[in-house]
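Peer 1: These are the residues of each chain, in order.
2 protein chains.
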Amino acid sequence: MTPRRLSDQERLAWLRLARTETVGPVAFDHLLQRFGSAERALVALPDLARRAGRDSPLRPPPQAEVLQELDCGQRRGARLICACEPDFPPRLAALDPPPPPVLWALGRAELLPQPSLAIVGARIASAGGQRFARQLAAELGRHGYVVVSGLARGVDGAAHEGALATGTVAVLGGGVSDIYPPEHADLHARIAGEGGCIVSESAPDRRAQAKDFPRRNRIISGLSLGVVVVEAELKSGSLITARLAAEQGRDVFAVPGSPLDPRAKGPNDLIRQGAILCEGVEDVLRSLSGQAHLRERERPYAAEDEGADIDHDALREDIARLLSPTPVSRDELVRATHAPTSAVMAALVELALAERAELLPGGMVAGV
Amino acid sequence: MTPRRLSDQERLAWLRLARTETVGPVAFDHLLQRFGSAERALVALPDLARRAGRDSPLRPPPQAEVLQELDCGQRRGARLICACEPDFPPRLAALDPPPPPVLWALGRAELLPQPSLAIVGARIASAGGQRFARQLAAELGRHGYVVVSGLARGVDGAAHEGALATGTVAVLGGGVSDIYPPEHADLHARIAGEGGCIVSESAPDRRAQAKDFPRRNRIISGLSLGVVVVEAELKSGSLITARLAAEQGRDVFAVPGSPLDPRAKGPNDLIRQGAILCEGVEDVLRSLSGQAHLRERERPYAAEDEGADIDHDALREDIARLLSPTPVSRDELVRATHAPTSAVMAALVELALAERAELLPGGMVAGV
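One line per chain: the protein sequences are F and S, in this order. Residues 1208 to 1575 (the working numbering) make up the first sequence, in order. Residues 1208 to 1575 (the working numbering) make up the second sequence, in order.
For reference, chain F alone in the conformation it holds in the complex (with noise of 0.2 Å):
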C-alpha cells in the first residue's frame, strides 16, 4: 500500500504492538497484515496467543508506558518513524525479513532515505585504518553519499568524523540518547546536531544491552547501498554487518590488509568469499554505478483474504509437532502441511506469541 502518515492514535498503538513482548518484526509484520492494523491487533492479541497455548498472558504494555516513551523521545528533540510512513527509510523498509517496525531519529532524519554507505570496522583500529576511514568517509561525502555507522570507538567514529560535513548517519544498539562510549559524547553531540542523524530502534533512554547490537546492526546494513569493512578480528560484530548486508542484497566491500596484522583478517576473508575489495573510494563507486539504485518494496499493510475452509487451530497444533529445536524453514512446513503459505505463517506467529516457537532470521523456525 502506499506510504501514509499515522494519527497520533494510530501512532500509539504501533508504538504499543512493536513493543509487546515475543513480537518481533516478522510477527509485527504478519499481525498488521492480518488485521489491517495495529490497533486491532493489539485488541486480539492477547486471545490469539492464549489459544496458541500460551501460559501466562500475553499482555501489551499499557499505554501509558507508551506515552511516556513518546514523551521522553519528544523531550529529547527525537522524532519517531514508523515503518509504514512515507519518511521511513526506503532502503530499510525494503527488507526481507521485516525491518524493525518503528525508528527513533534525533537530528536531520531527511538524510535517513539518502543515498547511503556504511563503514564499519574494529573499535581498537590502528592508526592507518581510522585515518583510511575517516579519509574514505570525506570523500564518499563529497560524491554524495550519506556515511552510516555505528559510533563505536576507532573505525566507526573516524568515518561519522570524516563525514560530518557532508551527513553522517550513526546507528545506536541504546536510545537516541544514551551516549556510549562516554569519549564520543561531543560527537552524538555534533551528529545529533548539523552533523547528521542519531538513529535507533530502542526507546530513547533505553541503555544499550548486548542484545541490541545485531539489531543495530542489522539497521546499519539496511540503511545501505553497501558496507565498507575497514579493519576486523575474525568473529567480529563488522563480519556480523557484514554478512546482514551479503543477505540483505547489499554490496559489501573490504580493505585488505596484511597477513601479519590480525586485524587485517576480517577483510581478507571477507575478500576470499567474493567481497569487493576496496582500497578508495574509486572502488565502491564503480561498483554501485553499476548497480541500480534499490527500489521502495511495496509492502502489504492491508488485511488478506484467508482460506475460510482452514481449521486454523488443528494446523497450529500440527504445526507445533512438526518443529523441534533443529530449525525448519516455513517452505517446508507449507509443503509438510498442504496450507496456504499465509495459513502456516498465522499459525507460527500464534505460535512465537504463545513462546511455543521461535521466529528465526533466514525464513526459518524453530520450537522452543
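One or more hints might be untrue.
Same chains, same names: a pair is fine if it fits in one copy or spans any two.
Unchecked claim - Distance condition first, Cα-Cα at most 16 Å in a straight line; then the derived EDC-like pairs of lysine to aspartate or glutamate: (1) K1418 / E1228; (2) K1472 / E1489; (3) K1442 / D1476; (4) K1472 / D1278; (5) K1472 / E1440; (6) K1472 / D1490.
Hint data in this document are derived by calculation from the structure and do not stem from the laboratory.
With chain F held as given, fit chain S onto it using these hints.
Peer 2: Using the frame of chain F, we list chain S on its own:
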C-alpha cells in the same frame, strides 16, 4: 615424441640453432618440426631467410663460438639441458608458446621437475614482506615444494633464504655465473651448492641485460605450479611474472596489504582481477589440492607432412602484404589466406628470419 638425450653433435647443433639471431622459441620449435632436427634446420636456414627476402645473410654463430659456450658451462660446473631431453622440466616443456630451447643449470638440476611454487615481489620490500616471504618459502619447503624465484634483492632473496634447507631454484636473466646483485654472492653460492639450482637460458658468462628479464620471468612462472606475489608496485616485474603465470594457466596468488602501502597496490590489484588471496601456506595448499598436476605435453618434434600443392613463396609474400605494425593473430592470417596453419606458420617463421615479421606472445604477429 618421447623425450630423448641428444648426442654431442646434436646438442651442438641444437645450441647453434638456439643462438642464431632472430630464432626465438617459436621459430625454433617450428624449424625443428619442419626439418626434423636442428642440424637439418641449420643447413636450410640461410637459404630460407634469403628466399624470404632477408637483406643480409642469416648466419648461425660459428661452431667455435658455441663450443666455447659449452666449454665455459662445463668449467663452471653447469649442465646444458635441451628442451627435448628427459630432464628438461616438464611444466616448462609444456608451455605454449614453446619454452626456451635450452637451459643452463648449476647445482641440483634434479629439483627442476619437482612440484614447485614461485615467490616473487618487490626489490625494495618492507621488513614484514621479507619476513612473510621467508616464512612462506620455509613452509612450502616443509610441504615438499621447491621454491622458485629470481635472486633479486628484497622478496626474491628472502624467499630463496627461507627454502635453502629444502631446495630452491633461482632463475637468472644473465648467465648462471653472472652474480647479481653483488650482495647476493653468498646466496648464489649456497643455492649453486647444496641449497638448490641456478638456472638460465643465457650463456653461462653472459651479463644480464634489461631485455633478459621478461624471458627470465617466463621461466620462473613456467617452472612453477603457481606464483605468489608478496609486495609489488603497479607496473613492476612481479606483475609481469603474474600475468605470464596466468597466461600459462598457472595459479596466481597475491598477498594483500594496506591501501596506505604503495607496495600493496600490485597484489591488491591482482586480487581484484581474480588472483587467489594468500595469507599463508594454507591458501596455497588449498588451491593446489584442487588442481591436478600438469601433465607433460607430448610435443611433436618431428617433420610434418605439408600440403605439397601450396606455393610457399607466394603464400609468404601474400602474408607479408597482410602484415602491418599492428599485431594480428596467426589464426586471422590462416582465415585470410585459406592456407593450412602449418604453411602459414612456416611462412611467418621465414619472414621472422628475414626480419620482415615479428612473432609476438599469444600467437600474434606484427610486420617489421
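Peer 1: Are the hints correct? Go through all of them and say.
Peer 2: Comparing the hints with the structure gives:
1. For the identical chains of this complex, K1418 and E1228 are intra-copy neighbours only, at 15 Å inside a copy versus 75 Å across copies, given an alpha-carbon limit of 16 Å.
2. In this assembly of identical chains, K1472 and E1489 lie within 16 Å of each other by CA distance solely across copies; the values are 14 Å between and 23 Å within a copy.
3. In this assembly of identical chains, the alpha carbons of K1442 and D1476 lie at most 16 Å apart only when taken from the same copy (11 Å versus 26 Å across copies).
4. Neither within a single protomer nor between protomers do K1472 and D1278 lie at most 16 Å apart by alpha-carbon distance, with minima of 45 Å and 54 Å respectively.
5. For the homomeric pair K1472 and E1440, the shortest alpha-carbon distance inside one copy (6 Å) is at most 16 Å, but the shortest distance between copies (22 Å) is not.
6. In this assembly of identical chains, K1472 and D1490 lie within 16 Å of each other by CA distance solely across copies; the values are 13 Å between and 20 Å within a copy.
Of the numbered hints given earlier, the model fails hint 4 alone.
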